[in-house]
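Place chain V on chain Y using the hints.
As they're listed, the protein sequences go chains Y and V.
Using the UniProt record's numbering, the letters of the first sequence map in sequence onto residues 1 to 468.
Using the UniProt record's numbering, the letters of the second sequence map in sequence onto residues 1 to 468.
Take these hints with a grain of salt, some might be off.
[Said to hold, decoys possible] Straight-line Cα separation of at most 30 Å, BS3-like style, residue types lysine-lysine; simulated pairs: (1) Lys-239(Y) with Lys-212(V); (2) Lys-212(Y) with Lys-440(V); (3) Lys-239(Y) with Lys-96(V).
[Claimed, not checked] Part of the chain V face toward chain Y, derived, beta carbon under 7 Å: (4) Leu-59; (5) Glu-103; (6) Val-159; (7) Lys-182; (8) Pro-345; (9) Ser-347; (10) Asp-375; (11) Gly-435; (12) Ile-442.
By construction, these hints were calculated from the structure, which means they are not laboratory data.
Ideal Cβ positions, reconstructed from N, Cα and C, are used throughout, including at glycine.
2 protein chains.
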Amino acid sequence: MLTSEVKKLLVQIVGQENYKDSNEMRLVYSYDATPTFQSLPDAVISPRNKEEIQKILQLCNEQQIPIVPRGSGTNLCAGTCPTQGGIVLLFTHMDKILEIDEENLTATVQPGVITLDLINAVEERGLFYPPDPSSMKISTIGGNINENSGGLRGLKYGVTRDYVLGLEAVLPNGNIIRTGGKLAKDVAGYDLTRLFVGSEGTLGVVTEVLLKLVPMPETKSTMLVLYEDIDAAARSVSKIISNRIIPTTLEFLDKPTLEVVEDFAKIGLPTHANAVLLIEQDGPPEIVSRDMEKIAMVCREEQALSVEMAATEEEADALRTARRSALSALARMKPTTILEDATVPRSKISEMVRAINEIAAKYDLNICTFGHAGDGNLHPTCLTDARNEEEMERVEHAFAEIFDKAIALGGTITGEHGVGEMKSPYLEWKLGKEGVEAMKAIKQAFDPNNIMNPGKMFAKDSRKRVLV
Amino acid sequence: MLTSEVKKLLVQIVGQENYKDSNEMRLVYSYDATPTFQSLPDAVISPRNKEEIQKILQLCNEQQIPIVPRGSGTNLCAGTCPTQGGIVLLFTHMDKILEIDEENLTATVQPGVITLDLINAVEERGLFYPPDPSSMKISTIGGNINENSGGLRGLKYGVTRDYVLGLEAVLPNGNIIRTGGKLAKDVAGYDLTRLFVGSEGTLGVVTEVLLKLVPMPETKSTMLVLYEDIDAAARSVSKIISNRIIPTTLEFLDKPTLEVVEDFAKIGLPTHANAVLLIEQDGPPEIVSRDMEKIAMVCREEQALSVEMAATEEEADALRTARRSALSALARMKPTTILEDATVPRSKISEMVRAINEIAAKYDLNICTFGHAGDGNLHPTCLTDARNEEEMERVEHAFAEIFDKAIALGGTITGEHGVGEMKSPYLEWKLGKEGVEAMKAIKQAFDPNNIMNPGKMFAKDSRKRVLV
Numbered sequence: 001m002l003t004s005e006v007k008k009l010l011v012q013i014v015g016q017e018n019y020k021d022s023n024e025m026r027l028v029y030s031y032d033a034t035p036t037f038q039s040l041p042d043a044v045i046s047p048r049n050k051e052e053i054q055k056i057l058q059l060c061n062e063q064q065i066p067i068v069p070r071g072s073g074t075n076l077c078a079g080t081c082p083t084q085g086g087i088v089l090l091f092t093h094m095d096k097i098l099e100i101d102e103e104n105l106t107a108t109v110q111p112g113v114i115t116l117d118l119i120n121a122v123e124e125r126g127l128f129y130p131p132d133p134s135s136m137k138i139s140t141i142g143g144n145i146n147e148n149s150g151g152l153r154g155l156k157y158g159v160t161r162d163y164v165l166g167l168e169a170v171l172p173n174g175n176i177i178r179t180g181g182k183l184a185k186d187v188a189g190y191d192l193t194r195l196f197v198g199s200e201g202t203l204g205v206v207t208e209v210l211l212k213l214v215p216m217p218e219t220k221s222t223m224l225v226l227y228e229d230i231d232a233a234a235r236s237v238s239k240i241i242s243n244r245i246i247p248t249t250l251e252f253l254d255k256p257t258l259e260v261v262e263d264f265a266k267i268g269l270p271t272h273a274n275a276v277l278l279i280e281q282d283g284p285p286e287i288v289s290r291d292m293e294k295i296a297m298v299c300r301e302e303q304a305l306s307v308e309m310a311a312t313e314e315e316a317d318a319l320r321t322a323r324r325s326a327l328s329a330l331a332r333m334k335p336t337t338i339l340e341d342a343t344v345p346r347s348k349i350s351e352m353v354r355a356i357n358e359i360a361a362k363y364d365l366n367i368c369t370f371g372h373a374g375d376g377n378l379h380p381t382c383l384t385d386a387r388n389e390e391e392m393e394r395v396e397h398a399f400a401e402i403f404d405k406a407i408a409l410g411g412t413i414t415g416e417h418g419v420g421e422m423k424s425p426y427l428e429w430k431l432g433k434e435g436v437e438a439m440k441a442i443k444q445a446f447d448p449n450n451i452m453n454p455g456k457m458f459a460k461d462s463r464k465r466v467l468v
Numbered sequence: 001m002l003t004s005e006v007k008k009l010l011v012q013i014v015g016q017e018n019y020k021d022s023n024e025m026r027l028v029y030s031y032d033a034t035p036t037f038q039s040l041p042d043a044v045i046s047p048r049n050k051e052e053i054q055k056i057l058q059l060c061n062e063q064q065i066p067i068v069p070r071g072s073g074t075n076l077c078a079g080t081c082p083t084q085g086g087i088v089l090l091f092t093h094m095d096k097i098l099e100i101d102e103e104n105l106t107a108t109v110q111p112g113v114i115t116l117d118l119i120n121a122v123e124e125r126g127l128f129y130p131p132d133p134s135s136m137k138i139s140t141i142g143g144n145i146n147e148n149s150g151g152l153r154g155l156k157y158g159v160t161r162d163y164v165l166g167l168e169a170v171l172p173n174g175n176i177i178r179t180g181g182k183l184a185k186d187v188a189g190y191d192l193t194r195l196f197v198g199s200e201g202t203l204g205v206v207t208e209v210l211l212k213l214v215p216m217p218e219t220k221s222t223m224l225v226l227y228e229d230i231d232a233a234a235r236s237v238s239k240i241i242s243n244r245i246i247p248t249t250l251e252f253l254d255k256p257t258l259e260v261v262e263d264f265a266k267i268g269l270p271t272h273a274n275a276v277l278l279i280e281q282d283g284p285p286e287i288v289s290r291d292m293e294k295i296a297m298v299c300r301e302e303q304a305l306s307v308e309m310a311a312t313e314e315e316a317d318a319l320r321t322a323r324r325s326a327l328s329a330l331a332r333m334k335p336t337t338i339l340e341d342a343t344v345p346r347s348k349i350s351e352m353v354r355a356i357n358e359i360a361a362k363y364d365l366n367i368c369t370f371g372h373a374g375d376g377n378l379h380p381t382c383l384t385d386a387r388n389e390e391e392m393e394r395v396e397h398a399f400a401e402i403f404d405k406a407i408a409l410g411g412t413i414t415g416e417h418g419v420g421e422m423k424s425p426y427l428e429w430k431l432g433k434e435g436v437e438a439m440k441a442i443k444q445a446f447d448p449n450n451i452m453n454p455g456k457m458f459a460k461d462s463r464k465r466v467l468v
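Isolated chain Y (complex conformation):
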């Protein structure tokens, strides 16, 4: 609970209309897109500029009040759930695209800008901002930065991190730092820019972002490939890339996901196949068609049931939208949907998909798998019911085994969703005690009072490895 004195000071900083602590508002911001995590904040505030944020952080640091910076709360790791109470900080007033610089190919934006709004704004100028998380219609750039969001175009274009040239951030001690610049090269000191990207709001509050843009690809082409055999689909993925072709997108959906997505999107997806690859390539027209031909050949060599090009951009867009709606579609099936993010080297996808299916069978669970196959970034998704304690225990055991397997294959516990509170017990599995210790030293250096999004990334205790 905030004291009346603190409340008064916060209202002074942001104005009465930007300070909310009604039960309704606290309830609305008590959770994010992550199932089974909920906790009431003490207040929800919407500062108007970095100076207000600076004052808020100074006050919170002095009073040791937790602060949770939050974009649209679409993350899936409980990264913005205020699990230790305190203040949820919104960027509703800081949502402007400040500049699109066509000469230096950069955009300067405030953290509250919606990802798709930025993408559309730069595309109008013939420019391209590639990171496209599935939540891009509502996610914010600030949220994308905090989580280092990926997306469907990550295989060819990389993730959010690869497009952040610089940023402005307020640190817990109230210092404002500016990193980077409109510069392709800058080695003046440690890479604070990339340290902040993916730091999940645990080191400070990002107040301005300088993004790199690239020229808009001339054309784009989309292909749907069906397989009888999941392994053959996975082998195709590896084979396309070892044939020196890097498609923009190389998505995998298994049969259960396909059925649910078709039921939701009703675009005539072929639900008789056991696995589907959605493949896109962009670039100059002659190269796109050449690449797509080679890809089709590889897929046919791997006994694809069918290889079909989208005939129109509408058809291609319907396929992409269907893929992006996988989580929403799956979420309709059962009260609780737990979407995970285990990631492996792409040469291990086939092995990982097989392991997920075996683990699902072992624990008698309904797990669908889809994801960014080209990145080795799979989203095994469990349809369950949080009220069923016995089943939830099996779910937890199953995901622990999935993480364990991913790490054993040279992978990681999270490819693009972040650690947050949800995966914090598993961080040590990936990094070892020494790695976690090094990260905690950074956290301690920036935020000694642990006010920035406390409880995230670092667990109180690490989870013991399940014996498999």
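Just chain V now, with coordinates in the frame of chain Y:
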């Protein structure tokens, strides 16, 4: 000076043959490629594996002995000059390419691998490692990582940082951490990988590196464009990119550099022009020729004196080699060559080149300018004589003004050479007190006894801004 007890322990760790403290060896490792910096180390040691490095760091941490990890010492920021004595650590025994993984497009290497050896090894498999610092014939991957080296292909392909997927490092406390993996996406905790890239050996010793490879471009084409007017050359650079073409390489040389390089390389470079752009594009043949045509058109619109394509790969290679030899060529002219690294947004290149020439005139100095124009990364190079104290003072004032101007234009004090000891007094100009404080907090967290490359990056006192 090391005590005889410490010496005994070090010899026990690495073996007698890998511990050297003769005057000759100490002299050889008392300097790097940076003029005017020299200081004797107490010993030079060559560990054989990470376990030995772990023991060395534990010992040095306990005894508070400085350690300077050193590749080939080609850096230009006094980054590997042992200015506080202690131990120079070499990677002569850790110079293996451990794996080239064609399915996941990665290379795993030890830090002592020579950059060009790696480039050649992966090209034999039809793969491509783009970072190509001018020193690549002798520089090591470990050195490239510590300095986040750039190169001629940075415009299109980025710098070393963009190709490091993971690494193994020994921390000053003896902990060994492993970051990243063969993964396009990995958000398990803070980005320690990129924190280490460019950290100049101040946070720990990198002992293994996992690098990203890309498919080898099919073809490459090279063009030389001459200008009467330097401004027109600079304008061409901006205009090419705002025409949505990103060439692989877009190099600028001014007339004085051109004359010296031609005198050195004797390949018939046209020394009558006031500025030259060396432009390369790679990719599929049809795209390369289309891009080169558009580039030629832009250059002609900007009143280029001539636009000439290299007729053969030998001719193109001669041009590239000539450009890479700029430093060597200039270094023959005068006893001391100070090559700087001021970097600006590419839209400001013309203004920056003009400012450099004005500053050179003001201080009556011989400054040539060349560099990676597409990146805004210029190398103003002063031909001088360190024994002439009065002139050296003018040199220092001139470079301070150049840094000041670069920052005023939204640039940085170093694009690809690093801060080291040489530019440490200027770091605060770029980052502000708050930025330097944040970086020092990281250094303190990792290396509380300041054993790792002490005196680098952070100056005892920051330099006062010269009033301009």
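Status of the hints after comparison with the structure:
1. Lys-239(Y) with Lys-212(V): The hint holds at about 17 Å.
2. Lys-212(Y) with Lys-440(V): holds, 27 Å
3. Lys-239(Y) with Lys-96(V): holds, 28 Å
4. Leu-59: This hint is violated: Leu-59(V) lies away from chain Y, its Cβ roughly 18 Å from the closest one there, beyond 7 Å.
5. Glu-103: holds, 4 Å
6. Val-159: holds, 6 Å
7. Lys-182: holds, 4 Å
8. Pro-345: Pro-345(V) check passes; min Cβ-Cβ to chain Y is 4 Å, inside 7 Å.
9. Ser-347: holds, 4 Å
10. Asp-375: Holds: closest Cβ of chain Y sits about 4 Å from Asp-375(V), inside 7 Å.
11. Gly-435: holds, 5 Å
12. Ile-442: Where the cut-off is 7 Å and the nearest Cβ of chain Y is about 6 Å from Ile-442(V), the hint holds.
Hint compliance for this structure: hint 4 is the single one not met.
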